[in-house]
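Residue strings, one per chain:
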Amino acid sequence: MNITRVVKKEIKKDLDPDMMLPDTLPVYVSSFVYMFGVLTMASLVIVISSGIIMVLEGPIWYQYSSLGLFFRSIHFWGAQVFFFFMIVHMISVFFMAGWREGRIITWMLGVMLFGISMFEAFLGYLIGGGFFAQWNQVQAKDAMNAIGLTGFINILNNSQIYGLHVVILPIILVALLGIHLFFVRKKGVVPPIE
Amino acid sequence: MNEEDKYKQKESDLIKEFLYAFFAVLAFILILALLFKSPQMKPLSIMSYSKSSPVGFEKVESRNILGISSLEDYGPPYNKNGQAQSVGFISPEGIEGVTVSVHPKEVFFIDPLITYSRLSQKVKTLMNQYFYLSHYDKSLLNKYEENYYKALNSAKVYKGKVIVKNGEYGPIQGMENDLLILAQTGVFQNLLDNNLKGNNGVYSYNFQNKLLFLQGAPLANMAKNYSMLGDQWGILKEEGNYPGPWWLFLYTSLYQIPPYSTSPSGDLMAFLTFSVFIAILFFIPIIPVLNKIPYYIPIYKIIWRRYYNEKKIS
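Going down the list, the protein sequences come from chains A and B. Residue numbers for the first sequence follow the working numbering, so the first one is 5 and each next one is one higher. Residue numbers for the second sequence follow the working numbering, so the first one is 553 and each next one is one higher.
What the hints contain is simulated information worked out from the structure, not anything from laboratory work. Be aware that one or more of the hints could be misleading.
What the hints assert, rightly or not - The calculated lysine-lysine pairs, modelled on PhoX-like cross-linking and capped at a C-alpha distance of 25 Å, are:
(1) A:Lys190 <-> B:Lys568
(2) A:Lys191 <-> B:Lys674
(3) A:Lys191 <-> B:Lys853
With the hints as extra help, turn the sequences into a complete structure.
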């Protein structure tokens with residue numbers, strides 16, 4: 005078996021531009037609820053972009069300089085908007101029974117994205133650098149201790165939280181989002197309930 | 553062929569739609585950021601706390617040496633003195649055991665003073681007295697510790713120093729006052745996390761011990777002033793009117809009701825309950841009845857109303 009040839013064939017089959025980036029859509033895709041998925045993605049791009057700038061300059065910059073504080077505000081409001089769009093997207097997909105006709109994996113990936121995003125964003129609050137961060141670190145440590153994770157992720161150890169928040173979890177999120185989108189396109193937009 | 557290809561098609565430009573969405577969201581976020589900025593309540597440092605509340609600082613130290621701090625009988629992962637949280641036979645904390653050992657008396661009291669004693673003969677003499685008593689007359693030492701803790705209730709502050717009425721305090725009064733000086737200079741807080749594993753504190757961003765020192769009255773009193781305590785939906789609140797992590801509403805709401813709010817294993821119970829909720833959400837497509845909810849509550853008829861109308865007409 006020629007593995008390269010098999011992979012090439014699969015890529016050609018599954019990543020066909022006509023399927024991934026169609027220039028026509030079914031007529032039933034005409035409700036405003038369809039916007040929330042793309043709005044969630046757009047806000048994620050803004051959150052990640054502002055986060056990258058903050059990481060490049062460092063915590064002192066985004067906590068004390070006026071430009072840094074501005075980017076921190078973009079990151080903060082970006083996360084709020086991201087969650088609003090994501091939750092509306094999830095609720096609307098639920099009421100469309102969006103898992104029908106072979107779309108269960110797409111739904112499950114969406115729930116995973118929701119769960120990881122909640123943890124990721126909460127970690128962001130913990131490294132904000134203010135009183136709220138300190139207070140919630142000592143509050144959240146009891147939950148982390150209770151589930152036996154402190155030996156692995158010590159919520160009072162800022163280097164671990166920082167690493168998780170700016171590297172590990174975003175990579176997982178973006179990868180899962182890529183797979184989620186792949187399945188959205190592969191299976192197509194869920195048709196109306198007949 | 554996709555399922556959707558069975559339906560009548562219309563012209564679409566996904567990339568253009570994404571760009572429109574992106575710039576609209578960007579504009580919205582920029583407006584929010586410019587208008588409202590972001591929360592920036594200053595953090596509490598041990599140095600600032602010891603200056604603003606010298607008696608509070610010495611009370612925290614007294615609780616540490618008397619062994620009555622909340623950390624003393626916490627149990628895993630900090631020590632073996634307390635019960636691990638458990639629900640039935642499930643006790644991840646118990647299985648994990650002590651992974652980040654913290655003994656409050658040593659970490660917050662003795663170790664910083666040992667360092668200080670290298671610089672001060674006075675502190676060295678007090679430490680020698682303390683160790684002598686801890687070996688040969690523990691009950692007397694305990695009496696001194698208790699006397700001083702009680703005396704702090706009526707203590708006064710003069711020029712940043714704690715003044716207590718005359719009494720039998722042995723070396724404790726001097727040791728606590730010296731620690732207070734160390735804290736007010738900022739040296740104490742830097743000593744706390746130096747003993748953690750790794751590079752003797754160099755390149756360390758581990759603030760575990762600093763936070764554990766502050767976790768009781770220092771942070772809790774401040775949180776109370778801002779109505780941020782756990783039973784006040786604290787974790788959802790931010791400074792002023794800023795939104796906190798409201799998406800944790802379901803998780804946090806568990807902490808407001810018994811048995812979660814009253815059980816010593818409330819954290820584990822809340823985690824397990826929320827995990828069940830996420831699992832239900834994850835598997836909802838294959839859970840009978842639940843996967844029919846969208847059919848029972850026909851919101852889909854509003855979402856696809858145009859499609860249904862056109863279908864009816866044709």
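Numbers of the earlier hints that this structure fails to satisfy, in rising order: 2
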